[in-house]
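Chemist: What follows is each chain in one-letter form.
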Amino acid sequence: MRQYIIKRLFISVFVLFGVSIILYGLIRLMPGDYISNTVAGNPSITEEMVVGLKKLYGLDVGIVEGYFKWLGKALTGDLGESFLYKAPVTQVIASKMWTSFSLSFMAFIIQLLIAIPMGIISATRQYSKTDYAVTIFSLIGISLPSFFFAAILQKTFAVDLQLFPISGMVTAREDYEGFRLMMDMAWHFVLPIVVLAFTSIGSWMRYTRTNMLEVLSSDYIRTARAKGLSEGTVIYKHAFRNTLIPVVTMIGGSIPSLFSGAIITEGIFAIDGLGYTAFHALKAGDIPFIMGFNLFLAFLTLMGTLISDILYAVVDPRVRLS
Amino acid sequence: MFNKKKIAAWIISILVGTSIILSSCNSGSSGSGGNKTLVIGTAAFNGVFNPFLASTAYDNYVINLTNAMLIGNTPSGEPVDGIASYVPPEEIKGDDGKTINTVYTFTLKDDVKFSDGTSVTADDIIFTYKVLLDPTYTGPSTLRSTPIVGLNEYFYDDKDYKLSIDKIKSLSQNISDDDTTKYFTKMSEDSFVKEGAEKMSARLSFENKDNLSGDSLKKALIEFNINDLKTKDKDSMKKTIQGMKYKDLEKEYINKNLSAGSVDISEIEGIKRIDEKTVEVTIEGVDPKAIWNLGDIEVASKSYYGVGKSGGKFVGDIYSKGKMDIISEKNDSPMGAGPYKFVEYKNNVVSFEANPYYYGGVPHIEKLKLQVVDDKNKIPSIAAGNIDVSDPSGNPASLKQAQDAGLETITIDNLGYGYIGMNADRIPDINVRKGLMHLMNRAPAVQSFYGDLASVIEYPMSRISWAYPENAKAIYDFSSVKAMEYFTKAGYKKVEQNGKTILQKDGVQLKIEVGIGGSGTMDHPAGPIITQLKNELESLGGKIDIQDVDANILFDRLSAGQWDMWVAAWQSVIDPDLFQLYHSKGTTNHYRIKNDKLDDLITKARETNDIGIRKTYYKDALNIIMDEAVEMPVYQRKNMYVYNQKILDKNSIPSDYSPFRFPFTRGFYDIEKLKLVK
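Heads up: the sequence lines are chains A and B, in that order.
Heads up, the first sequence is in the working numbering, so the first residue is 1 and it goes up one at a time.
Heads up, the second sequence is in the working numbering, so the first residue is 1001 and it goes up one at a time.
Only chain B is shown next, with the shape it has when bound in the complex (with noise of 0.2 Å):
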């Protein structure tokens, strides 16, 4: 009995032991904060903070902290010098005056220093690009897109892949009996996923005659759409058929090339060190993005990453092609030349202290940390002093909240912009699409759920992008009358069944499927349009069938062409280029938009760097886009910063700040001249 009982205690005084020598073995680091601290308010972490793998925007605010860009950017998005000077591209012409080649020099300006005290040079750029470009880089960026010369022998290591590519091609052309039983059946299984039972017998006139269900059914239209296929016109099945064989064959070539295990290829062709403090990067054509793909990178130190470490020293690895691990030690410890010097990560707080070596001046304020803080806690703790700064979600509400507690804000508008967007594949008549754009009342939804925070804009893209149009108006106003003029023009009667209004053609009622991510309670922005829309169809005697599912069912079933209406946002960059989102090519056309005219123009803005004459093809090309009533512009938002001025200088704030120019938080640009009141 005694023994039993001794187990016991010992079971209890074990737990009660550790937890108390868990939560007291933190040590924090040396000296008092007092009025030397700045605390910035931010969502969680996921203690990613290395300059290449960062993926969140929390976790990238550390990385703008600590490391400093190569290139920069003006109020008004234009580029500027960085840590090195920015010297526009010099374009290579061939004789036939089509560019071959684009330069873009970067040199370091004089005594830029990583906040170790040692100096950035020409090598630690170039270490930074082959990082970002190693073909086993998990990591956000894109620079991979970026056409630079060499750069696909570097990533596939394989020297002739020109020749590689050509002989893929070449092989996609051959179409055998067999890849054409192969890829009608994959196509006939796509559909049946895509569509489901019901919508494909619709399509196809399937007669469902022996009662068909489940597996059968599925097997029954799957070869009744392999027969009708056959039917189609032969020429344009065996493009379609070649593209598929192509991306077979490529998707073969690139699981087969990444696996491989011995370097070839160390050095990318188009990268080249010039000197000590200049670098110069080669891209075939001419590519307006690259600047920026190019630019807006964080350069890192080659002899901190590029080194294993080992027990805190410096002992292991050498970083070459493929060995990211050395890359991602450093994920608890970044290190650049950015304004500010990484301390430590803990107990959900960054803590930084300013860095000496800084190219732009030592900053004003001494320590800087970054506390974790859940957004509807975020004004209340300013108000409190728990914190200084932070971001909260801009609405009517919180703004309210903020101007009660006595705090000061600052509104900037946000680069993306919200959308409501239609899958031209699954409602293919024109007219039926833009008599559905003519049932969306905007404003009053927009007004409602975001108040002065945001406003309506009536092309898709960020208004604060140069090319978004001058002087745009509305082009499908809110008239449930002209919806019906265009609905009537598809061919759609309205039809008095059982009492009801039917709003049908051939038989069939227009029925369509909406995705929004409204966490359930149509929580969203674009909530009240698609609610009214509902309405207003419903009483047209069409039919709408709202599902309200979270974001990753939403964008899984995006992807797959899977929704007949979506509401989504677009998070833009820099660049306006529009070739990913209405391109027949791109890779994010989730609206299905094949126009040959908009592939020309959106091809055509690509192949200069001149914004006068790209101006008036994005022009052109976004009012193409709103002619095929495939997309709703819906709203520009813009972000809150809420800070307290009683701990904030209000002067010392930038006054230039922009949408690509944030003071707070993203960028952090000119965070070492704020300061603080005395």
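Okay, chain A solo, but in the shape it has when bound (with noise of 0.2 Å):
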């Protein structure tokens, strides 16, 4: 396994390559670049300062150049400084990530909870009222827009209710501290992470609703009944054992993607992570923090496949890594 291991980390480091090209390609091709939008609507600069800015930006020379240069530093592991926050990229990427991940995590282990009960309840009542009120609850979590649903919860719970803050990661007004300073931000985090959860149970619920299906459609289940266990045992202990199988692989991968941040439930909640700020970035067109945000999701991306791969191994006895 550990020479598998290997020759997937080997193979990430050209797939990182290709990803960094096209994404360099990309955002230099975007129309108006950080220059130009920070000096729109600025009627005091005078054509020789964006000459100057664009060369102490770098942007002055052509994409091939402009690409080469961003490597040769990225190879000795400077992914350079964010135009817009003036600080290096990767101290900005770790500096926000764990909000974005504690945020995320709270919300996925969340879903996990509500959304494998659910799926295999519809999953052995098929075509019963249970099955068809869960799969409609779930699409409607699946097809409701965050920021429309947000504004139902804050309207709600924060407004109307006043049982939780509108948005903010902590009471401004007040200097909390240690444990304190913790249940404050938790409290802050509720509705949060009840937006990014309830977005998202449907998918897991579907994937489990669909591999217990499969399951219990196999020969050994039917062994299983034949034999004469109770319908218990045989969901609890055969059926859902299996079904474990790829959504353990599954929620392996997710993991990585934890860390890449919500753009719009950040926004709206004002929370200082990851996917706000690279949002704000995007439409500045800061080069440099573009750059390593996405190179770090396509490594958080490719990690997450290769998670999922072990654990797929480690959890099927089946499977053998080569």
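Hints may contain errors.
Said to hold, decoys possible - Straight-line distance between alpha carbons at most 20 Å, and here's what the computed SDA-like set of lysine to any residue pairs gives:
no.: 1; chain 1: B; residue 1: K1194; chain 2: A; residue 2: M30
no.: 2; chain 1: A; residue 1: K55; chain 2: B; residue 2: Y1253
no.: 3; chain 1: B; residue 1: K1162; chain 2: A; residue 2: E47
no.: 4; chain 1: B; residue 1: K1245; chain 2: B; residue 2: D1190
no.: 5; chain 1: A; residue 1: K54; chain 2: B; residue 2: D1325
no.: 6; chain 1: A; residue 1: K155; chain 2: B; residue 2: D1404
no.: 7; chain 1: A; residue 1: K283; chain 2: B; residue 2: G1518
no.: 8; chain 1: A; residue 1: K54; chain 2: B; residue 2: E1607
no.: 9; chain 1: B; residue 1: K1594; chain 2: A; residue 2: E47
no.: 10; chain 1: B; residue 1: K1098; chain 2: B; residue 2: E1607
no.: 11; chain 1: B; residue 1: K1256; chain 2: A; residue 2: E47
no.: 12; chain 1: A; residue 1: K55; chain 2: B; residue 2: N1255
no.: 13; chain 1: A; residue 1: K54; chain 2: B; residue 2: E1280
no.: 14; chain 1: A; residue 1: K54; chain 2: B; residue 2: S1055
no.: 15; chain 1: A; residue 1: K55; chain 2: B; residue 2: K1194
no.: 16; chain 1: A; residue 1: K283; chain 2: B; residue 2: I1165
no.: 17; chain 1: B; residue 1: K1323; chain 2: A; residue 2: A87
no.: 18; chain 1: A; residue 1: K54; chain 2: B; residue 2: A1560
no.: 19; chain 1: B; residue 1: K1346; chain 2: A; residue 2: Y176
no.: 20; chain 1: B; residue 1: K1534; chain 2: B; residue 2: D1545
no.: 21; chain 1: A; residue 1: K283; chain 2: B; residue 2: D1157
no.: 22; chain 1: A; residue 1: K54; chain 2: B; residue 2: T1138
no.: 23; chain 1: B; residue 1: K1256; chain 2: A; residue 2: V50
no.: 24; chain 1: B; residue 1: K1256; chain 2: A; residue 2: L56
no.: 25; chain 1: A; residue 1: K54; chain 2: B; residue 2: N1255
no.: 26; chain 1: B; residue 1: K1256; chain 2: A; residue 2: Y57
Derived by calculation from the structure, the hints in this document are not laboratory data.
Work from the hints to combine the two standalone chains into their complex.
Modeler: Laid out in structure tokens, this is it:
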């Protein structure tokens, strides 16, 4: 297995390299660069200043030359300084990703706790009223745009019932610390976590349901029933464990993506996460940050698939990686 | 099997562990806020809290609080004492009566201290200027555009700067045949990019006999255009080429000199330290904007910003020209002589405490917080008590929302205006432009979008500027009859074709393309004007193609001169200088307006500090601009502020707020005087 992992990591390097070429090309082809965006609407900028600024930001060179300049630095671990945040890209990503991660991770746990049992229930009672109810519920979740669902939650739970704060990460007025601060943050994160969880419960539920149905129609389940085992034992001991195989691999694969942030939800709830930060950088044409962030995403995706392949071998004794 | 289970268990427990640790590793500062704190809601920060580098309005809010201005301004936008006293500049005239130099003197008031307790000195002012003028400076300041004596020598590190520029000038006068070929090709390629194949063929009356397409059509058109240029007036073509060559050589010079390593010139001749408290700045000639460029700066501490830090202790390098990295090290910890002291920026909240050394008196409110809030949540958040003050976007709906919630509102005119522009290069016939102006119905659009929070303006200038003409009246009233008269004057006729009316001249239909940034749904104050313009023009037989695009695309195409007509807004500064916008040599003259009389007026208005004289120049200049019909002024809007009067004492809010003195946000004027309700 070690050899397999090393081989996969080795291939990943080449994939990242290819991704970086495509990314850089696309970013440079976007209309408007950082300088023209910042000076637009400022009537006191002179042409000489624009030329000078483009030079200082390294925007005076062509795409190919610019890419190799970027690559040369990136290979030494220097992803450059963000135009917008005026700090090293790695530092900006590192300072924001844990906020995004804690938010997404909590939402992820809640999703699984709700989605997996619901998927199993609706599979075991296929075409029953419960099945339809669960399916409708989860499809509503998938279909609701997060900004709309967030607005409903804010209106109901924050404005009308005043159970939760409307937005923000902490109560600005108070200088809480330690445990109080933790509780205060948790209180502020409830609504955004509900938004993130509810809008993606559906896909997990459907995934579990499909897998469960597949397992339920297999031969060994018929054998188990024929042996005269109770329905509960058949489902929770024989079927459920086998359903978990693909689910666990999917879970493992999703974990890295929890770092990537949620653009819309973070914006609405004023959470200082990676998604909203990246969105601003993209709008401003902050090349070093967009490059760094997208490579980070590419890296997470590669890690996700690798983890899910490894977990597949871990949970399913029939699979051998070589 | 046991092993594999163990691995899975490890992965999950590590992840759970880290997320819990990370969400709990934040530690707050001490003390309880309670009723000593005011919370202001703002938009998201970039975290560049540096008086030199902060570029967004919100990062600048932080700097406005921590740093103090050298020179302030009165409610009507005239200079007044800041941390230094304001003295009108002294003009030094030559024998011919023309001003050669203007000298500005800034003398610091007694007992002005930074929030770390050290005194502000002349060295700090000079240090601030030098950083803003550093050749590797990448921030938003435009101090560089002020003609300070010796500035170019310092900036390009070239003591013979004037000679170098003269050399470039004389070099660009000599045009070789190679130059002609090079620039004719460049001009033709540029026109191809700007116009596209269809328009270019029409302009050149190019007959596509061989049915070319794609690259071969491009090649043929460019060649055709080059031959066309060769037939044009030799002298004016020569001038154009000289201009282009000069720009290329200048660019080469800038690039070469900015990358030079060693420092030869370390002082700016025109910036002098007179004594401990006084700095004298000499500029070439007269520049009425200079007082703002020089005085509207946040003075930074040389001993704080000019010294590199290492492990929290100031032991590193000392700032000298080119070492901007020392300056940007302090992006996360601003320090200055402002009313508040920066405490921390964490979890989207910036915390401050009153600066005990503030020269304007210690602020009454002990603690101040800036909390990031999405614009749509601002009013509900004030109503719910999460924040106390904010500046939601002003429109009839938000105004009503605030009033329904029982909150107090303040509206203040915005320093800027919205307009619809036309490119005179692309719509060269002034009568066509005038015709189009008569098809713009502004009042109902502005009323429906802003209600009472905006009004129609008649000249392209913020109404609050002293240069806005008095008793202004509409010049192009909405009238399709008058529009048709102008179109007829321009040679357009209505022709019936296949049962449709076509407005055409020499067989070509009147067609224009409009760029607007309306989020894809024409959600823009000028949206209805453009929609109505389209209907009106189409009923006359013309055609309008509306492109609702992203702001990046809008401005990118605008600076490349690729819109016939576009919708945008200008953010103004205190001085109403028109040079960059309307002078034929202005950088942002997107209207491509070239009028010698206008150029002359704009230049003259820049050559005196006398507001009375400038006013008359501007009046004439604005009338010429309106007559050229390149820009339809649309609206002057107001900014809205909402606050919770149960928290913030209404009586403590300064009554002399104005577009130049905002009470709660930009500038935070008189924030030290605000009080909380007890």
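Chemist: Take the hints in turn and mark each one as holding or not.
Modeler: Comparing the hints with the structure gives:
| no. | hint | result |
| --- | --- | --- |
| 1 | K1194(B) <-> M30(A) | holds (17 Å) |
| 2 | K55(A) <-> Y1253(B) | holds (12 Å) |
| 3 | K1162(B) <-> E47(A) | holds (19 Å) |
| 4 | K1245(B) <-> D1190(B) | holds (15 Å) |
| 5 | K54(A) <-> D1325(B) | holds (18 Å) |
| 6 | K155(A) <-> D1404(B) | holds (15 Å) |
| 7 | K283(A) <-> G1518(B) | holds (16 Å) |
| 8 | K54(A) <-> E1607(B) | violated (31 Å) |
| 9 | K1594(B) <-> E47(A) | holds (18 Å) |
| 10 | K1098(B) <-> E1607(B) | holds (10 Å) |
| 11 | K1256(B) <-> E47(A) | holds (17 Å) |
| 12 | K55(A) <-> N1255(B) | holds (7 Å) |
| 13 | K54(A) <-> E1280(B) | violated (32 Å) |
| 14 | K54(A) <-> S1055(B) | holds (16 Å) |
| 15 | K55(A) <-> K1194(B) | violated (24 Å) |
| 16 | K283(A) <-> I1165(B) | violated (37 Å) |
| 17 | K1323(B) <-> A87(A) | holds (15 Å) |
| 18 | K54(A) <-> A1560(B) | holds (16 Å) |
| 19 | K1346(B) <-> Y176(A) | holds (12 Å) |
| 20 | K1534(B) <-> D1545(B) | holds (8 Å) |
| 21 | K283(A) <-> D1157(B) | violated (35 Å) |
| 22 | K54(A) <-> T1138(B) | holds (9 Å) |
| 23 | K1256(B) <-> V50(A) | holds (15 Å) |
| 24 | K1256(B) <-> L56(A) | holds (12 Å) |
| 25 | K54(A) <-> N1255(B) | holds (10 Å) |
| 26 | K1256(B) <-> Y57(A) | holds (15 Å) |
The earlier numbered hints that this structure contradicts are 8, 13, 15, 16, 21.
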